[in-house]
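Asker: Work out the full structure: start from the sequences and follow the hints.
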Amino acid sequence: MSGTPTTILPFGPQHPVLPEPIHLRLTLEDEKVVGVAPAIGYVHRGIEKAAELREYTRNVFLVERVCGICSFVHALAYCQVIEDAMKVEIPPRAKYLRVVYSELTRIHSHLLYLGLLADALGFESLFMQAWRVRETVVDLMEKTAGSRVIISACSIGGVRRDVDDALRDDVLRTIREMRPEVDRIAEVILHDYGIRKRTIGCGVLTKEQSLATGAVGPIQRAVGIASDIRMTGYAAYGELGFEPIVETGGDSYARTVVRLREVYQAMDLANKALERLPAGEISTRVRGNPEGEAVTLVEAPRGELIYYTKGDGTKNLARLRIRTPTYTNIPPLVTMLPGCELADVPVITLSIDPCISCTER
Amino acid sequence: MPWMLSAVLRNLFSPPATRRYPFEKREPLRRARGQLVVDRTNCVYCGACARICPSAAIQVDRPNKLMTFDPFKCIVCSACADVCPKGSLTIAEGHKGPAERKRTYVYSGSEPK
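Going down the list, the sequences are from chains G and Z.
When we follow my numbering, the leftmost residue of the first sequence carries the number 2, and every step to the right adds one.
When we follow my numbering, the leftmost residue of the second sequence carries the number 357, and every step to the right adds one.
No wet-lab data here; the hints were simulated from the structure.
It is possible that part of the hints are untrue.
With a straight-line Cα cutoff of 25 Å, these simulated SDA-like cross-link-like pairs (lysine to any residue) come out [as the list claims (entries may be wrong)]:
#1 Lys144/G <-> Pro378/Z
#2 Lys50/G <-> Gly69/G
#3 Lys50/G <-> Ala295/G
#4 Lys429/Z <-> Val416/Z
#5 Lys144/G <-> Cys430/Z
#6 Lys50/G <-> Ile431/Z
Which residues of chain Z face chain G? A partial, calculated answer using Cβ under 10 Å [what the hints assert, rightly or not]:
#7 Leu368
#8 Leu385
#9 Arg407
#10 Ile408
As the structure is a prediction and not an experimental result, all values here were calculated from the model.
Where is the CB? At the ideal position from N, CA and C, for every residue including glycine.
Answerer: This is the structure we're talking about:
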């Protein structure tokens, strides 16, 4: 023990900056953080077990409720893992529509993050502007899939609703009109003095630390590692010429810039997928029950999402395992916090875009 | 602060971004899944909806020709409306409003000839 007396301060589970409960036990030397011990388990719902108890077709709606933001990506991962286990090939139109919905989900998730970051910094008007733009995407979801966030668009074997030409043009036009609105937010996020002061050099993670702690998603891309599951080309990503977005700063600012640039990239990908939308069926009929094991990886807005399943030939799954991105991003968070000031803890914690209900399932 | 003047003037004379909600309601979007509507006239009580409902909001008692629907359990996923062979279940665009108390609806009737 050093000579300086330490103080233990609980951060969370209820904290004004946190939308969801995570507890960080901070060890402080004066105002400086020297140690962090995280604790989760406040919103565990037992979804993995619940998935074993009901038929595999009903689970699509259950896994969508793992996360209240990236719910479509969860449904996509679940449908993909069941399709892998049952060796079902889905029609190309369904693949493209899945990309469109994934990217719309990414846009609204990242805009939500940008708003929350602004809110954590006390920048209320930027928070409201970011969420106002997000509303456009949420309305697009309701127009196309029928619901605002938990859209239930995916089904095993394809997607549930088709997009006709008029609706497609409407979506393309809305995304085009949204771009200048995002530009205005981007300008503030990139150049505002307060935001730069509070994020540049805060919560720095090095490349080595990132690899050692197993960071995923925008946290890993912000340290200069081009790691994105979309590079594997699942759904229709292989045909859309996807390039991951990489920044090198490794701090809260770099993570924010990665997400901001991903909003633009997601708009481009959604546009491209809609423009190239092939004609044909939107789903194939799936018969029988899943048997054997399968693993699938998809890129959720917060990083890689892994679904594992094991079927035993009955209508219930023997096992469903969900590994969410925030779960693996907690060790990087614990690595980046020591050394920072207590006042920076909320912003750094938020910069990993934690989704605790995902983490605890 | 002259550089803020244009923004200040624009915001001063532009209408508010929000709607005056209770007086001015938004039209529901065309493909929105608002609420489940049950029309029992054609229902044959086959139970397909009850078997597919992910939240067990619908129960069908086939011998007694009874269908129980709990709107507070319903997640408006439209799975039942998609499988209904008689078109008795449809999804309306408007979202359901708040209720004073919870209630479960029981539908009954005879099979059409």
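Asker: Kindly indicate which numbered hints from before are broken by the structure, ordering the numbers from low to high.
Answerer: 7
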